[in-house]
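2 protein chains.
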Amino acid sequence: MTAEIWDIIIVGAGLSGLSAAHLLRKKDAKLRILVLEGKGRVGGRTVTTDIPAAGGVDCWDFGGQWVGSTQTHILELIKELGLETYPQFSTGKKVHHMGGPDAKVRTYRTSIPVLSPMVLMDLTQLLWKLDRLCATVCVQDPSKTPNAVDLDSMTLYSYLEQHTWTAELKEEMGLCSRSVFGMEPCQMSFLFFLMYAAAAGGMLRLLENTPGSAQELKIKGGTQQLSERLTECVGWKNVRLGSAVTAIWQDAEWAKVTTPTETLLCRAVIVTCPPHLAAKIHYEPALPSQREFLSQNMPVGHMIKFIITYQKAFWKEKGFSGEIVAGSSTDCPFSVTFDATSPSGNAALVGLITGQQASQWSSKEAGQRRTAVLSSLVKYLGAEAASFIHYEEKDWAEEDYSGGCPVNVMAPGLLTYYHPSLRKPCGRIHWAGTETATEWCGYMSGAIQAGQRAALEVLAELRPMTLSQEEKEAVRYNQTVKGPNQQSQSFIFAYLSTRKAVVIAILTVSAALLLAQRQNALQKVKTFLTNAFSTTKQNKFLL
Amino acid sequence: MTAEIWDIIIVGAGLSGLSAAHLLRKKDAKLRILVLEGKGRVGGRTVTTDIPAAGGVDCWDFGGQWVGSTQTHILELIKELGLETYPQFSTGKKVHHMGGPDAKVRTYRTSIPVLSPMVLMDLTQLLWKLDRLCATVCVQDPSKTPNAVDLDSMTLYSYLEQHTWTAELKEEMGLCSRSVFGMEPCQMSFLFFLMYAAAAGGMLRLLENTPGSAQELKIKGGTQQLSERLTECVGWKNVRLGSAVTAIWQDAEWAKVTTPTETLLCRAVIVTCPPHLAAKIHYEPALPSQREFLSQNMPVGHMIKFIITYQKAFWKEKGFSGEIVAGSSTDCPFSVTFDATSPSGNAALVGLITGQQASQWSSKEAGQRRTAVLSSLVKYLGAEAASFIHYEEKDWAEEDYSGGCPVNVMAPGLLTYYHPSLRKPCGRIHWAGTETATEWCGYMSGAIQAGQRAALEVLAELRPMTLSQEEKEAVRYNQTVKGPNQQSQSFIFAYLSTRKAVVIAILTVSAALLLAQRQNALQKVKTFLTNAFSTTKQNKFLL
Numbered sequence: 001m002t003a004e005i006w007d008i009i010i011v012g013a014g015l016s017g018l019s020a021a022h023l024l025r026k027k028d029a030k031l032r033i034l035v036l037e038g039k040g041r042v043g044g045r046t047v048t049t050d051i052p053a054a055g056g057v058d059c060w061d062f063g064g065q066w067v068g069s070t071q072t073h074i075l076e077l078i079k080e081l082g083l084e085t086y087p088q089f090s091t092g093k094k095v096h097h098m099g100g101p102d103a104k105v106r107t108y109r110t111s112i113p114v115l116s117p118m119v120l121m122d123l124t125q126l127l128w129k130l131d132r133l134c135a136t137v138c139v140q141d142p143s144k145t146p147n148a149v150d151l152d153s154m155t156l157y158s159y160l161e162q163h164t165w166t167a168e169l170k171e172e173m174g175l176c177s178r179s180v181f182g183m184e185p186c187q188m189s190f191l192f193f194l195m196y197a198a199a200a201g202g203m204l205r206l207l208e209n210t211p212g213s214a215q216e217l218k219i220k221g222g223t224q225q226l227s228e229r230l231t232e233c234v235g236w237k238n239v240r241l242g243s244a245v246t247a248i249w250q251d252a253e254w255a256k257v258t259t260p261t262e263t264l265l266c267r268a269v270i271v272t273c274p275p276h277l278a279a280k281i282h283y284e285p286a287l288p289s290q291r292e293f294l295s296q297n298m299p300v301g302h303m304i305k306f307i308i309t310y311q312k313a314f315w316k317e318k319g320f321s322g323e324i325v326a327g328s329s330t331d332c333p334f335s336v337t338f339d340a341t342s343p344s345g346n347a348a349l350v351g352l353i354t355g356q357q358a359s360q361w362s363s364k365e366a367g368q369r370r371t372a373v374l375s376s377l378v379k380y381l382g383a384e385a386a387s388f389i390h391y392e393e394k395d396w397a398e399e400d401y402s403g404g405c406p407v408n409v410m411a412p413g414l415l416t417y418y419h420p421s422l423r424k425p426c427g428r429i430h431w432a433g434t435e436t437a438t439e440w441c442g443y444m445s446g447a448i449q450a451g452q453r454a455a456l457e458v459l460a461e462l463r464p465m466t467l468s469q470e471e472k473e474a475v476r477y478n479q480t481v482k483g484p485n486q487q488s489q490s491f492i493f494a495y496l497s498t499r500k501a502v503v504i505a506i507l508t509v510s511a512a513l514l515l516a517q518r519q520n521a522l523q524k525v526k527t528f529l530t531n532a533f534s535t536t537k538q539n540k541f542l543l
Numbered sequence: 001m002t003a004e005i006w007d008i009i010i011v012g013a014g015l016s017g018l019s020a021a022h023l024l025r026k027k028d029a030k031l032r033i034l035v036l037e038g039k040g041r042v043g044g045r046t047v048t049t050d051i052p053a054a055g056g057v058d059c060w061d062f063g064g065q066w067v068g069s070t071q072t073h074i075l076e077l078i079k080e081l082g083l084e085t086y087p088q089f090s091t092g093k094k095v096h097h098m099g100g101p102d103a104k105v106r107t108y109r110t111s112i113p114v115l116s117p118m119v120l121m122d123l124t125q126l127l128w129k130l131d132r133l134c135a136t137v138c139v140q141d142p143s144k145t146p147n148a149v150d151l152d153s154m155t156l157y158s159y160l161e162q163h164t165w166t167a168e169l170k171e172e173m174g175l176c177s178r179s180v181f182g183m184e185p186c187q188m189s190f191l192f193f194l195m196y197a198a199a200a201g202g203m204l205r206l207l208e209n210t211p212g213s214a215q216e217l218k219i220k221g222g223t224q225q226l227s228e229r230l231t232e233c234v235g236w237k238n239v240r241l242g243s244a245v246t247a248i249w250q251d252a253e254w255a256k257v258t259t260p261t262e263t264l265l266c267r268a269v270i271v272t273c274p275p276h277l278a279a280k281i282h283y284e285p286a287l288p289s290q291r292e293f294l295s296q297n298m299p300v301g302h303m304i305k306f307i308i309t310y311q312k313a314f315w316k317e318k319g320f321s322g323e324i325v326a327g328s329s330t331d332c333p334f335s336v337t338f339d340a341t342s343p344s345g346n347a348a349l350v351g352l353i354t355g356q357q358a359s360q361w362s363s364k365e366a367g368q369r370r371t372a373v374l375s376s377l378v379k380y381l382g383a384e385a386a387s388f389i390h391y392e393e394k395d396w397a398e399e400d401y402s403g404g405c406p407v408n409v410m411a412p413g414l415l416t417y418y419h420p421s422l423r424k425p426c427g428r429i430h431w432a433g434t435e436t437a438t439e440w441c442g443y444m445s446g447a448i449q450a451g452q453r454a455a456l457e458v459l460a461e462l463r464p465m466t467l468s469q470e471e472k473e474a475v476r477y478n479q480t481v482k483g484p485n486q487q488s489q490s491f492i493f494a495y496l497s498t499r500k501a502v503v504i505a506i507l508t509v510s511a512a513l514l515l516a517q518r519q520n521a522l523q524k525v526k527t528f529l530t531n532a533f534s535t536t537k538q539n540k541f542l543l
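So the protein sequences, as listed, match chains B and G. The first sequence begins at 1 in the UniProt record's numbering and counts up one residue at a time. The second sequence begins at 1 in the UniProt record's numbering and counts up one residue at a time.
In short, the hints are calculated from the structure, not lab data. Hints are not guaranteed to be accurate.
Partner residues are not named here, just some residues of chain B that face chain G (Cβ under 10 Å, in silico) [as the list claims (entries may be wrong)]: (1) Ser-158; (2) Glu-184; (3) Cys-186.
With a straight-line cut-off of 25 Å between C-alpha atoms, the simulated DSS-like cross-links for lysine-lysine are [what the hints assert, rightly or not]: (4) Lys-27(B) <-> Lys-472(B); (5) Lys-364(G) <-> Lys-144(B); (6) Lys-39(B) <-> Lys-472(G); (7) Lys-27(B) <-> Lys-280(B).
C-beta atoms are modelled at their ideal positions from N, C-alpha and C, and glycine is treated no differently.
Construct all of the structure, not just a fragment, from the sequences and the given hints.
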């Protein structure tokens, strides 16, 4: 048997792998590039599906969905591929339910939920602290962050236990953690959380749909088109579906890549699948133990996404935006919903069952899950929610060659001990995938950045002449370390310099003075106020 | 091609797999049992190797080595297989070096190192707290432990940050963590740490070589003999070496097990390899996502073990026991050494380079590592240490089909969310390996207990008539949950009721009063003393 010979084999036909292939071909059209994909489709953690809707059939994203105007890598690709974005609808009342099934369901219209003064004060001081910490994080090399070892030795849960004093805020942060990572605060390193936020330009960007944030825009026709159009650029003949890589051998001359049916030879391999899947591939010679330890410390999150189509967007008519956030203490299975009405006007809601709620609900019957989702929607938006056209869901833990979504997090200690192995090539093997990104890590944009970075790495080895001086420097730069991340610096201060900040500050101080007398929280309030006032000169927080 | 047909296939020819096979055959000699092993030898994490020694050649254990008189499962097996134990030599001065390369090297003769009064006080209160917590842990179902979620949401590091107040004790505990788990305190859940200690009957048992503790006895001729003799019982023809399992398929009738060269059919499979290796097997249908998430949250430790043979045990002649403990802040690469003189009198020392020190030192050249080890031994035991016969080491991270040692730990959140999947069979697949044990989890004895438990599970399905009523109940019992672990209850109180406790208590109080005045530690000391005295009535700590 003669093995097929390629220049570069890419493992995974998601955004990272296809972006790598696309850049490689743009740089040198003669390069023989093959993309191997375990699934029967391209797109990885993005998938766009047709479902019945008011106007017949329309398509929705059941994986990665949103992009933000600060996500330069994906915005450039959208433009290049001739796709269009449109804003996430967010006008109207948002629903907020925390504090147990019987707690009052509140509505609000700003980007900060209606909270009691005490919780608002708690939130303000926490955001302040988190964004100040974020600004100190070195995304390229998190071990260079001040107090890195301490920050990486505790879970996000432990930090919140120490730095919040209201149960409501802890519940809010649990919801944030689940919605962003599909993981509970106890499952990830606090430094990882900070790094992830810093790579996005600040924590609030992860949560909001305001300009620049992660949930700002959507792509007309769905995000899977990105991968489909990239595949067209790369050539469908160069992308093999249903071809899961089982082993990668390396010797002085070749890398040998095997699937259950084929053995292929090449000069370089780019592995783009998430770490827990990359760990299932058999490597010979074995990967360095540090790399093995790395993938043992990066579990993947759990999310179930649902889309419900309706005859009309009854929530809009009732003054709702469609956005609901519900804490895990309520009976509601989902963490968040948003309006998902399509560009052609087909009314829909999208929601996410996340983290441990996803794990609990995934073991139940689909019908039971749907009933619980609908019953919560009826509670929050009204009886019209029960009269839907179609309910469709996707449990990413059940998807072959994914096993979870949206991202692999890092357990405590990983950043301290194993981070250097995250992007470091192992012989002919280069690592991509959104987990290796330094800008919008964990997002589609990060997947593209990582794929392009790995492509440049491979070119620097195989075709150095195709690289510009700038690109060569980028490769070198990515293999070295930069200082503290500048992007997120003073993000909270910009945020707080709006009128909202003044309102929060006034509320906070009033609440502090009122509550201190009757809640025995005097000491904590005093500490907070001292901190707040002591930094006034620098950042004009209260002035 | 006709596939071979077996009744039961066991993945892994370590102590767990072979104990399972042995029990299965004892119960029904007609059962066709096949053990498949990736390595070229039996024994798993135990391996006994001949090396040059004073009397020519002698053998030493480079993996699991010690047993304790409370480890009933392994003691019974030792007896059954006709092997003998002998005590770990511990007479003489022990060396203790903590607090930086220039800190004073101290010696001591008790089981508690010579510590400053402040550190001793800190240690006493910490042990007190830890053992009180241990006594509340439900090993069978740790989620039933009081405050389980809180305890599982923090790392051991976080607990130590909150409950110790001297840097020296933190360093001591780091050393304990590395020596026991091959892991740093920041890498594991605090509840896991407690559960592990509870499964051993208390924390001190993990650390000591006193009667009942983990380092009490050794096996004449080495521990690998256990696996070799078990293989003789099972029949060498039923154990295939160099046969790594790559995939397990299941359908209504069969389990199909594949290696790179064979496909085998059977009725039940027992997977005994550690979780990070079990995760590399391809399963069809896919395992439940909860099981996949479990193995993503159980990283393995890192240890390098060395044996150095000498003409004579010069340390004994100089009054040393051979036991050295050295903190990571010193220049010493190893964490601990012990006397390893063989039963036939060949002098040797055994030592462990552990946790992150193992990771750092494993990337260096073998010669450089050896020089550093010997230079530390010269420093602690005298110039004679440099004149050795042979230096042999084993880096378990480099061993194929191990990738680490001694045990897989549990990251925060695992026990809260995924623990039910640890022993729960997945169709025809049953899970063993020391990580699944409830008594001496992580030790050789636990491996045997787990293998026997899995064997009984399989018999309950395939040959229920071979089981006694008691065994049937054991299977049911293991599939349910018991209350708080009784074994470790009041362990610390028994420990502290010795004269040592009185000495510690007197030292502690004196130190407290002296140091409180000049170290601004008044509040902490007061708290400790209040706690100590307030529990006096119940446990006679100070009386």
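The hints, checked one at a time:
1. Hint on Ser-158(B) holds. Least Cβ distance to chain G is approximately 5 Å, under the 10 Å limit.
2. For Glu-184(B), the interface hint holds, since its Cβ comes within 10 Å of a Cβ in chain G; the closest pair sits about 6 Å apart.
3. Among the interface hints, the one on Cys-186(B) holds; its C-beta lies about 3 Å from the nearest C-beta in chain G, closer than the 10 Å criterion.
4. A hinted pair counts as satisfied when its Cα atoms are at most 25 Å apart, and Lys-27(B) with Lys-472(B) qualifies at roughly 13 Å.
5. A C-alpha spacing of about 23 Å is found between Lys-364(G) and Lys-144(B), which places the hinted pair at or below 25 Å, so the restraint holds.
6. Pair hint Lys-39(B) plus Lys-472(G) does not hold up; C-alpha atoms about 43 Å apart against a cutoff of 25 Å.
7. This hinted pair does not check out: Lys-27(B) and Lys-280(B) have alpha carbons roughly 31 Å apart, beyond 25 Å.
The structure shown violates the earlier hints numbered 6, 7.
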